[in-house]
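Asker: Protein sequences, first through last, are from chains A, B, C, D and E. Start counting the first sequence at 1; every next residue gets the next number (this note's numbering). Start counting the second sequence at 290; every next residue gets the next number (this note's numbering). Start counting the third sequence at 520; every next residue gets the next number (this note's numbering). Start counting the fourth sequence at 836; every next residue gets the next number (this note's numbering). Start counting the fifth sequence at 1130; every next residue gets the next number (this note's numbering).
Hints listed in this document are in silico derivations from the structure and should not be mistaken for laboratory results. Among the hints, a few may not be true.
Pairs of lysine-lysine, DSSO-like flavour, derived with a Cα cap of 27 Å [claimed, not checked]:
| # | chain 1 | residue 1 | chain 2 | residue 2 |
| --- | --- | --- | --- | --- |
| 1 | B | Lys442 | B | Lys454 |
| 2 | A | Lys53 | B | Lys514 |
| 3 | C | Lys773 | C | Lys823 |
| 4 | E | Lys1243 | A | Lys230 |
| 5 | C | Lys527 | D | Lys1039 |
| 6 | B | Lys295 | A | Lys53 |
| 7 | C | Lys746 | D | Lys925 |
| 8 | D | Lys993 | C | Lys746 |
| 9 | C | Lys584 | E | Lys1157 |
| 10 | E | Lys1243 | E | Lys1191 |
| 11 | A | Lys278 | E | Lys1338 |
| 12 | A | Lys112 | E | Lys1363 |
| 13 | C | Lys793 | D | Lys993 |
| 14 | C | Lys793 | D | Lys1039 |
| 15 | E | Lys1220 | C | Lys642 |
| 16 | D | Lys996 | E | Lys1220 |
| 17 | B | Lys353 | B | Lys442 |
| 18 | E | Lys1217 | C | Lys584 |
| 19 | C | Lys527 | D | Lys996 |
| 20 | D | Lys1105 | C | Lys773 |
| 21 | A | Lys230 | E | Lys1226 |
| 22 | C | Lys793 | D | Lys1105 |
| 23 | E | Lys1226 | C | Lys823 |
| 24 | E | Lys1189 | A | Lys247 |
| 25 | E | Lys1191 | A | Lys245 |
| 26 | B | Lys295 | B | Lys512 |
| 27 | E | Lys1243 | A | Lys20 |
| 28 | D | Lys996 | E | Lys1191 |
| 29 | C | Lys805 | D | Lys996 |
| 30 | A | Lys66 | E | Lys1217 |
| 31 | A | Lys230 | E | Lys1191 |
| 32 | B | Lys447 | B | Lys430 |
| 33 | A | Lys271 | E | Lys1338 |
| 34 | E | Lys1220 | C | Lys527 |
Every beta carbon over 10 Å from chain B, so not counted as near; a handful from chain A, in silico [as the list claims (entries may be wrong)]:
| # | residue |
| --- | --- |
| 35 | Leu9 |
| 36 | Ser18 |
| 37 | Gly27 |
| 38 | Lys53 |
| 39 | Asp136 |
| 40 | Met140 |
Glycine included, C-beta positions come from ideal geometry on N, C-alpha and C.
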Amino acid sequence: MVKLAGLSLNEQEFLTDSLKQGIRSDGRSLDQFRDVEITLGDQPGYVDVRLGKTRVAVRVSGSITKPYEDRPFEGIFTISTEIGPIAGAFFENGRPSDEEVLVSRLIEKAIKRSGALDVEGLCIVAGDKCWNIRADIHFMDFDGGFIDASCIGVITALQHFSRPEVTVSGEQVVVYSTDEREPVKLSILHVPICVTFALFNPKEKEENIKGGADGNEEAGEFAIVDATMKEEGLSNGTLTITMNKNKEICQISKSGGLPAEGLMVMDCANKAYGIVEKLTDQIKEVLKQ
Amino acid sequence: MELDAKIGVLNNAGGSSEVSLNGIKVVCGINGPMEARPRQELPTTCYLEVIIRPAIGNPTVREKYMEDKIKNFLNSVIIGNLYPRQVIQVNLQILEKKNNNSSYTSDSDESAATEDVLLELNCCINSAFLALVDANISIYKAFNSNIFTYTHKGSLVKDGLSEAKSRHLVVYGIKNNKVDELLYGENVGRFSEKKLFMALERGEKESMILHSKLKELSVESVKQKFVYLS
Amino acid sequence: MSFSVSEKDYLYQSLSSKTPIRPDGRKSHQLRGIEASINFLPNSNGSSRIRLSDGSEVIISIKSKVVKMSTLADLIELDLTIDNLRDDLTFISDWTNILRNSLLRNFADKFECLKLTTRYYFKLYVDVLFLSSSSNARTTKTDTSFLQNPLSMISFGIYLALKSTRLPLLISNSNDKDIEELPTFNDDWSSTVLLYPQDEDEEIKENNTTSQNSSSPPLLFVLSVVKNNLFIDPSIEEQEISDCGLVIGWCSGKVVSPIESLNLNQSGSSEYIKGMHGQNIIEGIKMIENVAATVSKGLDEIVKDGNNSVFMDSIF
Amino acid sequence: MSDRRRITGPESALPLVFAPTPNNQSTTKSPQEKTNSGIRNFFIKTGIVSNCNGSCFLEVDNTTIIVSVYGAKPIRGSSVTSASFSVMTKVSNNLEELSNFTSSDLSHSKEEKEEQKLAKEDEYVTTNQIGKTQLSLVEQKLSTYIQTAFLPSILLEKYPKSSIEVFINILTNDSHTNSSLLSLITWCANCTSLALVDSGIELKDMVSTGIAKLTDDQTVVIDPSYSNEGRKTVGGQEVRAVASYMSVTDTVVGLMIESEEGVNGEMIEKVIDGCNTMAREIRSNMNGFLVSTM
Amino acid sequence: MSNKELYSPEGLRLDGRRWNELKSFTCKVNTHQTSSDGSSYVQQGNTKVMCKVNGPLEPKSKANSNNNNASITVNLNIASFSPVERRKRPKSDRRIKEMMTILEKTFSETVITKLYPRTQIIVDCYVLSQDGGILSAVANSVTLALIDAGIAMYDFVSSINVGLYNNSIPILDLNHLEEGDMSFLTLGIVGKSEKLAMMLLEEKIPFDKLETLLGIGISGAQRIKDLMDEELRKHGKLLISTAAS
């Protein structure tokens, strides 16, 4: 993700070597997701997610605007993903790096394009008024896994949020305050969860690329789940898989990086499903309170 | 409403704090002093970069205005000549804002939000102080910010969120456990000169109370950081 | 292009002498050879591509859209993209203006061919993609010092694209003064109409060039002035050291506006810019009058040959 | 991306458009008598803007122009060997009338012209929306012409690592006399010339600019103002030209010729001669003015 | 559009292809000798893409200078006239930026960058006409142009997309109508192997279909690789014969 934020060559070697032996610096196993801590705010739509040292706060809000002209029957759902230097001095203010563009596109694909939020239900008066649901992701602290953490945050916050009741009679649109009428929950169609793998290649590049060809079983490359910042910096590429509990893949993105065997991708997808199941249950638990 | 604060909440930032006050929750992260880009470099002092992000939406002129105010104020407090050619970056992220049902805004009442610039400034300044302490950045004196409100009945309330005739933001510098001087003030509404002075006087007292609280917090954080002290 | 002082001086000397020698050995009224092809974009009504031997290239697409009548000037939109340069640079919109105005002023039948009904017109989108020969030498997205003036080449491309443009055939009633209806078209590509009808009759064409030229898109010619000498279609080196530049339009057998002075030096240094003599302008116009008809005839050949890429081995 | 630097109104907001000021104001001067040479009387005054390095005010009929010159001032990252020279134009009002320049001649019938007029008004609203910062077509054309014409005259290599900026403000442009873009260019160029002299920036020579028109019957009219002849005849063989001269080297530094129909060398020669006559006249006027202010 | 059958019961698609048939694929290399070090032109059905490679050359800015590797910069220009309906995208469009980053990251891994330290390789791609699978076509054209430029690579990157019709029938190499109507997977394969250099899926598919799609995609991409290889060899022979004569 980021440049190797000040890692010395020795440290780099130490970390990759131990990873090769299946040892991670924080004691996790290679396919273990960090513990996720989800805190709900007092106000609906505010969620604070901690994934190890990574911290992301998501704020969902709603306002009434005019729908897009080409989609008069749909509400608007926007996700704002600007990473500021508060998350780490290496993020520049106001100028998104290529990586940040990828992060924001990924989150958008995982949640918006997969249709997690029912946007048709946000329409008030077709072509004239609709809800604009906005999720502001505040990246607070970075230690890898921004995509995974913000996806959890957004999907939890969307479920936590509720919008005021609105009634339409003729031209008149009445918005009731939360005291007058019970606010309405948004309709969430499914719960997508992102799992990011960091790819490593312990051998020479040539072996990785040519290795599969000569029938050598041990291709060598391996993937670790939920990399920290240091691990992410050392990795040769990432693979993000978004799934929901219904065993649907919402999105896969492996944007370049180390070429990976098809079988390994399938293996990652299987692992991801296990993590998705666990996280979906955890989110449900948290929201029950 | 009472101030609720934590120090050292972020890992990547050099110093950080989280402050809840008057229903507003702010996280402040300070990076630096660090190398400046050529454009920012000042030969004799440090360049202060203040970035404020709102809870909802993109930063607008309102945030720029607040950034300017805080930057000017901090420039007078931080001992800049200790950090020549360097940058200190003060990031303020507003997380929650409770008072005006802000999760349901419609286009029309956005302008009403200018009213609580003072409340946000108040919270930001206190949070910036704690983060500066956490980041070990030298300052001339300690400071804290209080907000007072004259209600329509004419009584002076501390931290009033209620309907107000006028609001007064008062920042005092504190040196040697004594109120030293007024560093920054911002007043909104209609009030007489006398009332302003009354508010300032009250501010001096409250400032000491708040200071002892903030001091306790910062001493605690220093103890944690430098184990040998305890 | 960055040349040393002595290189520039040499160039200037050889171009300003009584018998000027151009760096590529051309005569002063000789254009560079082009390689052109037309109608290769399946999603456009008309298209063309022109390449010069120096590697610069222009790709033109003409697309049509049915619009309700507004101003005639709105019926043509021209969009110019140059390499990966930002599109808000002043000279890009300058060039766009010159090209668009020359099209608007000299459009065939005064737009009659775009008229569908009393209410509906075709609107043409002319998209120009210009790839300069030296995009790799550029340092930033706003650095323009390596750019040559592409007006002439683009106008050739637009000429070819417009001449190859086919518009769908209207099958609904062309008079909708009373009954408002959306125009409908024949889906068949083979029944489309050429925007500029091609003269099939060889005889007429041979005998009477002017009548055949009567409905042709405008061409622009860029001239470079060095002392008393004029050079048509200057290469980037010649542009660099010109005293002054001149753009002259040509349409339907006549010289037409724009006739404007140009700054050919994109690198921003002004040491060679001096201006020209009044006589230069008159000479320039004469030169265009001599050359232009041949050029448009050559371009017409390409249109007639259709899709086959033809190498026009330097006109003359 | 939304505009973050300004507070923009709600999406449905419309920009504020004031009713056009009536044209029959008493301030509208009747077209002035032409002098013997055929040029309208004009008024010039230099040094009227105090915070710039040079400025000039020019008034002819109801057109008023202020040009201010800033520089040479140092800038970072500029070319090392010479100064950079840029021109910006701002038309303060009568924008609507000006936007007609490029397209007004293309209509067929009166009926359509009416339609156009309506469409134009719409266009005016849309192009004038809040937050639009780009130059309009006319402003751009003007800027480019002036820049091209003055590049040869300014000794840019005397001012390395610096910039010279010219700002042209067209305060009023009389819609009544319907002075064309070309005539506006002429007077802006002449005004710029004086402003540059006023700024003390080193020049090879002053640039003077003339405008002329070749009418149907092949006569040359210098400094044509449409108020005298009414609106020009549609479809007529009319050639209009602007040319800028540096008289020391006797060179044309700027040229723009407009015509609806084809032209030939002879016509151009005539019309350019007209421009030259006017430019020389202007030059002697400017000389006289400069001598008188010394 | 959607009322038309994208896949008929007889097993034919809108353009008459079978489910596993590729669009007609033609490519050329060395199309822009004078203005680039390597160039190519790829046509997949009605999708037409042009690519120019310049480099390795001195980095234009310090940010692009890496002490150990060459840095690869990809510029993608999607012409406003390329889709059926004209559409002008701003330069900062995030989708375009995303594609550029994906291409950069993909080729930084397949080009032997360590051979060209402290240099920059600039790749300019132009999409002239779109009919589905732009990313694939661009990736293929970049491969060809890089090879033409003589830049050392471990192997080809060949790319193709596979869609899933009605959540059951996999369909290879979609056109733009099909792309609009079904979720699809874009793959980039390294050489003859089954290694995925890039992989993108933007819409929902059932988990158990992933393996099928991958399999079909990989074989499709390998076919593309063979076609590119053929053209390159042809070009190579031509070069040798002209040099000999």
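Asker: Could you run down the list of hints and mark each one as holding or not?
Answerer: Okay, the hints, checked on the actual structure:
1. The hinted pair formed by Lys442(B) and Lys454(B) meets the criterion: a straight-line CA distance of about 9 Å does not exceed 27 Å.
2. Between the alpha carbons of Lys53(A) and Lys514(B) the distance comes to roughly 18 Å, so the proposed pair stays at or under 27 Å and holds.
3. With a C-alpha separation of about 23 Å, the suggested pairing of Lys773(C) with Lys823(C) holds against the 27 Å cut-off.
4. Between Lys1243(E) and Lys230(A) the alpha-carbon distance is near 23 Å, which keeps this suggested pair within the 27 Å criterion.
5. Between Lys527(C) and Lys1039(D) the alpha-carbon distance is near 22 Å, which keeps this suggested pair within the 27 Å criterion.
6. Of the pairs offered as hints, the one joining Lys295(B) and Lys53(A) holds, with about 16 Å between alpha carbons and a cut-off of 27 Å not exceeded.
7. This hinted pair does not check out: Lys746(C) and Lys925(D) have alpha carbons roughly 35 Å apart, beyond 27 Å.
8. Distance hint between Lys993(D) and Lys746(C) is fulfilled; the C-alpha atoms sit about 24 Å from each other, no more than 27 Å.
9. A C-alpha spacing of about 33 Å is found between Lys584(C) and Lys1157(E), which places the hinted pair above 27 Å, so the restraint is violated.
10. For the proposed pair Lys1243(E) and Lys1191(E), the alpha carbon gap of about 18 Å is at most 27 Å, so the pair holds.
11. Between Lys278(A) and Lys1338(E) the alpha-carbon distance is near 22 Å, which keeps this suggested pair within the 27 Å criterion.
12. Using a Cα cut-off of 27 Å, the hinted pair Lys112(A) and Lys1363(E) is violated, with the two alpha carbons roughly 46 Å apart.
13. Restraint check for Lys793(C) and Lys993(D): the C-alpha separation of about 16 Å stays at or below 27 Å, so the hint holds.
14. A threshold of 27 Å between alpha carbons decides the hint, and for Lys793(C) with Lys1039(D) the separation of about 10 Å falls inside it, so the pair holds.
15. As the CA atoms of Lys1220(E) and Lys642(C) are separated by approximately 25 Å, the hinted pair is consistent with the 27 Å bound.
16. Note on Lys996(D) and Lys1220(E): the hinted pairing is violated, with a Cα-Cα distance of about 31 Å set against a maximum of 27 Å.
17. The hinted pair formed by Lys353(B) and Lys442(B) fails the criterion: a straight-line CA distance of about 34 Å is larger than 27 Å.
18. At most 27 Å may separate the alpha-carbon atoms for a hinted pair to count; Lys1217(E) and Lys584(C) meet this at roughly 15 Å.
19. Restraint check: the Cα-Cα separation between Lys527(C) and Lys996(D) comes to about 22 Å, which is no more than 27 Å; the hinted pair holds.
20. Distance restraint check for Lys1105(D) and Lys773(C): the Cα-Cα separation of roughly 17 Å lies within the 27 Å cut-off, and the hinted pair is therefore satisfied.
21. In summary, the hint linking Lys230(A) to Lys1226(E) is supported, as the alpha carbons are separated by about 26 Å, within the 27 Å threshold.
22. For the hint pairing Lys793(C) with Lys1105(D), the CA-to-CA distance comes to about 23 Å; that is within 27 Å, so the pair holds.
23. Restraint check for Lys1226(E) and Lys823(C): not satisfied, since their Cα atoms lie roughly 41 Å apart, outside the 27 Å limit.
24. Of the pairs offered as hints, the one joining Lys1189(E) and Lys247(A) is violated, with about 48 Å between alpha carbons and a cut-off of 27 Å exceeded.
25. The suggested pairing of Lys1191(E) with Lys245(A) is violated, with an alpha-carbon distance near 47 Å, which exceeds 27 Å.
26. Between Lys295(B) and Lys512(B) the CA atoms are separated by roughly 14 Å; this keeps the pair inside 27 Å, and the hint holds.
27. Taken as a hint, the Lys1243(E) and Lys20(A) pair is honoured in the structure, with Cα atoms around 23 Å apart against an allowance of 27 Å.
28. Taking the CA atoms of Lys996(D) and Lys1191(E), the gap is about 23 Å. The hint holds against a cut of 27 Å.
29. Annotation: proposed proximity of Lys805(C) to Lys996(D) is violated, straight-line Cα distance about 42 Å (limit 27 Å).
30. Our distance criterion of 27 Å between C-alpha atoms is met by Lys66(A) and Lys1217(E), whose separation comes to about 24 Å.
31. Proximity of Lys230(A) to Lys1191(E) is assessed by CA-CA distance (about 25 Å); at most 27 Å being required, the pair is judged to hold.
32. Taken as a hint, the Lys447(B) and Lys430(B) pair is honoured in the structure, with Cα atoms around 24 Å apart against an allowance of 27 Å.
33. The suggested pairing of Lys271(A) with Lys1338(E) holds, with an alpha-carbon distance near 16 Å, which does not exceed 27 Å.
34. Annotation: proposed proximity of Lys1220(E) to Lys527(C) is violated, straight-line Cα distance about 36 Å (limit 27 Å).
35. Separation of Leu9(A) from chain B is adequate, the least Cβ-Cβ distance of about 22 Å exceeding the 10 Å criterion.
36. Distance check for Ser18(A) against chain B: the nearest CB is about 22 Å away, which clears 10 Å, and the non-interface claim stands.
37. Every Cβ of chain B is farther than 10 Å from the Cβ of Gly27(A); the closest lies at roughly 18 Å, confirming the non-interface assignment.
38. With a closest Cβ-Cβ approach of about 5 Å to chain B, Lys53(A) is found to fall inside the 10 Å limit, against its non-interface label.
39. Residue placement check: Asp136(A) does not keep its beta carbon more than 10 Å from all beta carbons of chain B (closest about 6 Å).
40. A beta-carbon of chain B comes within 10 Å of the beta-carbon of Met140(A); the shortest separation is about 6 Å.
In summary, the numbered hints that this structure violates are 7, 9, 12, 16, 17, 23, 24, 25, 29, 34, 38, 39, 40.
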